[in-house]
Amino acid sequence: MTTPRKQIRLAAHFPGVNNTTVWSDPASRSQIDFSSFVHLARTAERGGFDFFFLAEGLRLREHQGRIHDLDVVGRPDTLAVLAGLAAVTRHLGLAGTLSATYNEPYELARQLASLDHLSDGRAAWNVVTTSDAFTGENFRRGGYLDHADRYERAAAFVRAARGWWDSWSADALAGGRDRPTFVNEGGVRRFAQTDRFFAVEGESTVPRSPQGHPVVIQAGDSVQGRDFAAANADVIFSRHGGLEQGRDFYADVKGRLGGYGRSPEDLLIMPAATFVVAGTAAEAEERARHIRYQQVSGQTAIRSLEQVWGRDLSAYDPDGPLPDVEPDPGNTAISQGRAGRVKDPLAQVRAWRELAEAKKLSIRDLVVETTARQTFVGTPDGVAAQLDEHVQTKACDGFVLVPHLTPGGLDDFVDLVVPLLRERGVLRTEYTGATLRENLGLPAPR
Amino acid sequence: MSDAPQPLRIGAAIDGAGAHPAAWRVARAEPAELFTAGHYAELAREAERGALDFVTLDDSLALQDDTGQTVRGRLDALLTLTRIAPETTTVGLVPTVTTTHTEPFHVSKAVATLDHVSLGRAGWRVQVSTTEAESRHFGRRPVAERPRLWTEAAAVADVVGRLWDSWEDDAEIRDTATGRFVDTDRLHYVDFSGPGWSVRGPSITPRPPQGHPLVVVRADSEEAESAAAAVADVVLVAPTEHGAATALRARIRAAAERAGRDPAHVSVLADLRVLLAEDTATAFNRRDRLDSLAAPPVREAGLRFTGTPHDLAARILDWTGAVDGFTLYPAVLPDDLSAFVDGVVPLLRQAGALRPGSPTATLRGRFGLPRAGNRYARA
Chain L
1 MTTPRKQIRL AAHFPGVNNT TVWSDPASRS QIDFSSFVHL ARTAERGGFD
51 FFFLAEGLRL REHQGRIHDL DVVGRPDTLA VLAGLAAVTR HLGLAGTLSA
101 TYNEPYELAR QLASLDHLSD GRAAWNVVTT SDAFTGENFR RGGYLDHADR
151 YERAAAFVRA ARGWWDSWSA DALAGGRDRP TFVNEGGVRR FAQTDRFFAV
201 EGESTVPRSP QGHPVVIQAG DSVQGRDFAA ANADVIFSRH GGLEQGRDFY
251 ADVKGRLGGY GRSPEDLLIM PAATFVVAGT AAEAEERARH IRYQQVSGQT
301 AIRSLEQVWG RDLSAYDPDG PLPDVEPDPG NTAISQGRAG RVKDPLAQVR
351 AWRELAEAKK LSIRDLVVET TARQTFVGTP DGVAAQLDEH VQTKACDGFV
401 LVPHLTPGGL DDFVDLVVPL LRERGVLRTE YTGATLRENL GLPAPR
Chain S
1 MSDAPQPLRI GAAIDGAGAH PAAWRVARAE PAELFTAGHY AELAREAERG
51 ALDFVTLDDS LALQDDTGQT VRGRLDALLT LTRIAPETTT VGLVPTVTTT
101 HTEPFHVSKA VATLDHVSLG RAGWRVQVST TEAESRHFGR RPVAERPRLW
151 TEAAAVADVV GRLWDSWEDD AEIRDTATGR FVDTDRLHYV DFSGPGWSVR
201 GPSITPRPPQ GHPLVVVRAD SEEAESAAAA VADVVLVAPT EHGAATALRA
251 RIRAAAERAG RDPAHVSVLA DLRVLLAEDT ATAFNRRDRL DSLAAPPVRE
301 AGLRFTGTPH DLAARILDWT GAVDGFTLYP AVLPDDLSAF VDGVVPLLRQ
351 AGALRPGSPT ATLRGRFGLP RAGNRYARA
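So the protein sequences, as listed, match chains L and S. For the first sequence, counting from 1, position 219 maps to 219 in the UniProt record's numbering; every step adds exactly one. For the second sequence, counting from 1, position 70 maps to 70 in the UniProt record's numbering; every step adds exactly one.
Since the hints were derived computationally from the structure, they do not count as laboratory data. There could be a bad hint or two in this list.
Claimed, not checked - Which residues of chain L face chain S? A partial, calculated answer using Cβ under 10 Å:
# : residue
1 : Thr-3
2 : Gln-7
3 : Thr-194
4 : Ser-297
Glycine included, C-beta positions come from ideal geometry on N, C-alpha and C.
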């Protein structure tokens, strides 16, 4: 008697506005036409994926004071496009990254609950806390939120959202048309919350949604982020760090849940992952290398270095050696609107120079080598085996797959790898739950 | 602009179970179904069957008062209409979107996205939040007086349009030779200062298919009428007399002209509350039954019609020339909408009051408006 194999959770990340997404390829299509979203979402649903995932960026990225023009630019409104996708899919979860800084709890909770109704229980919210003054210039709130306050505000925000989601009882509309009132007696409760960040009070306009609470996702690997996730989230969207690092992270995060009265299976860990599949391992490696050089053009390589150096390096040849000038660590604002920032530019430059020296790498080679390597490269069987190993050995519960092409970047995976995962008995052949929460095996909201 | 009569533009409100406060007690849909996509998709398709120009869905950031007898609760209107966009093909989609407690940047890209998803059928009705309840939901600002709210609403509509224009249509170049995806000379900062807030831009969302989705304002106060004259493509009004309607339309168009706009590009639509039956007596019986279940407001604004499709068609034709069209408020959904589609539309078509042939692709096109030019594009 063997124990059943753990099921792999899969999400499909719509290609984003960084250089992971290759637009120069002839197969690349619109990043804004609804048809592109439909294609990727339907492909994911065909492959038995748990949910579709949209990232967020509320201001166009800039580099040296100019709008960054080398990568894909432009995206739709997250909630609206997810609502549209609810019409063309039946089971796929619809996850949107939505800021806890540039939204207000009442409105966002209402929108998410609406999406949950409109999708029959498939809404998910990736809570992010980005709050730089650069993005703030597009919003009433403006300004900068102190780094230490970001997670506190996010926690208060989620608490308020859950308060509104709970404000209608599940049976508020039960019974037919002959009831004395439209909403049953006591069906709507007032909710109030006052803390450092909010002073809000009142009644939601949205009846309790099919999932009760939409699935809550948290992105980020920091200690603060881990505690936030252990307290608040259903899914954690993490960085991929390989098997060993994954197991440590997994054990650490799952270990925190008990402190919040939750079980290890109440929070799923899904790192981002890229992939390349081909008929043979050698072909896959060659294809992966080709894609990496598509992702990192000479200009992109120079701009990547400029982010670390903090100075203009446009005079340097991307196919030549690393710049001999020293970085300007004070100039961290050379690039705006990106996730992540180099913590110690001097150390980074030192390490890169040593690596370039040892392996005889040009600027472009170095950037390809250090930033663009795909997570899983191989034959369909090889990739399926790697994914499965990660999940069975507790390095994660599944993956958020990030394709490099819009909208066909998931086609190969679904055609070639998904059948093998199904053969292994680790991926559903049909959806069994009525809601995203049920399909993910998550408990009803507390 | 020629003097030939323009076709009437007709939209339908598809809120809840219908416009009559007791509609939910007799409507086919169960109360819980009023919060499903299928309900609204069915109603929009019914409007489409009658070749109507648009549907509206109202919204508010406050729960309806607890009268006991009436519908309470609503979903976000913009998301609801975006949800049904892929299930419809020709009808315009006009959600109410509020401007008082929301972010202009989010509003702009949300309406733009409705336009992208519907392939050019989006509009939005600009609305303000006046109540204490709404203010307390946000806890960010106290209730403001109507003039201030509408001044702000007009500013929001202005910056929403600027953000639509912040991407020129050909900003995306995908130029592999230079490695550039966009031409940054064709992306524009809007640097807009509104009352107490500012927006830098550009939008994160490329220009919507119509250029500018249709802007709709209900002119139900002096302040709203001023805002309408400044920003609206379509103005909703609720006159009860033919003469008053004619005067109101002239006044709004003159105000638009004073605001530097082409008055021929501003349509004025009258509310029309309809309850239909095969014969007049049956219609009044239906009305009495509904009124006995829940009385409508004593001073309900606008035209109210109870009777047969034939008589309603005659009434509408009487009003041709006074207004550019109507927004229908069917008493019970889908019943009175279906009766209009089956009984009234053919008569109006016979009379030549509706646009002949198949509908144009965009909602602007349905209102005889050209695709919007871009204020930032160099000639």
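Going through the hints against the structure:
For the restraint placing L:Thr-3 at the interface with chain S, the shortest Cβ-Cβ distance is roughly 40 Å, beyond the 10 Å limit, so the hint is violated. A cut of 10 Å between beta carbons decides the hint on L:Gln-7: the least distance to chain S is about 29 Å, and the hint is violated. At a threshold of 10 Å, the smallest CB-CB gap from L:Thr-194 to chain S is about 8 Å, leaving the interface hint in force. Hint on L:Ser-297 holds. Least Cβ distance to chain S is approximately 5 Å, under the 10 Å limit.
Violation of the numbered hints given earlier is confined to hints 1 and 2; the remaining hints are satisfied by the structure.
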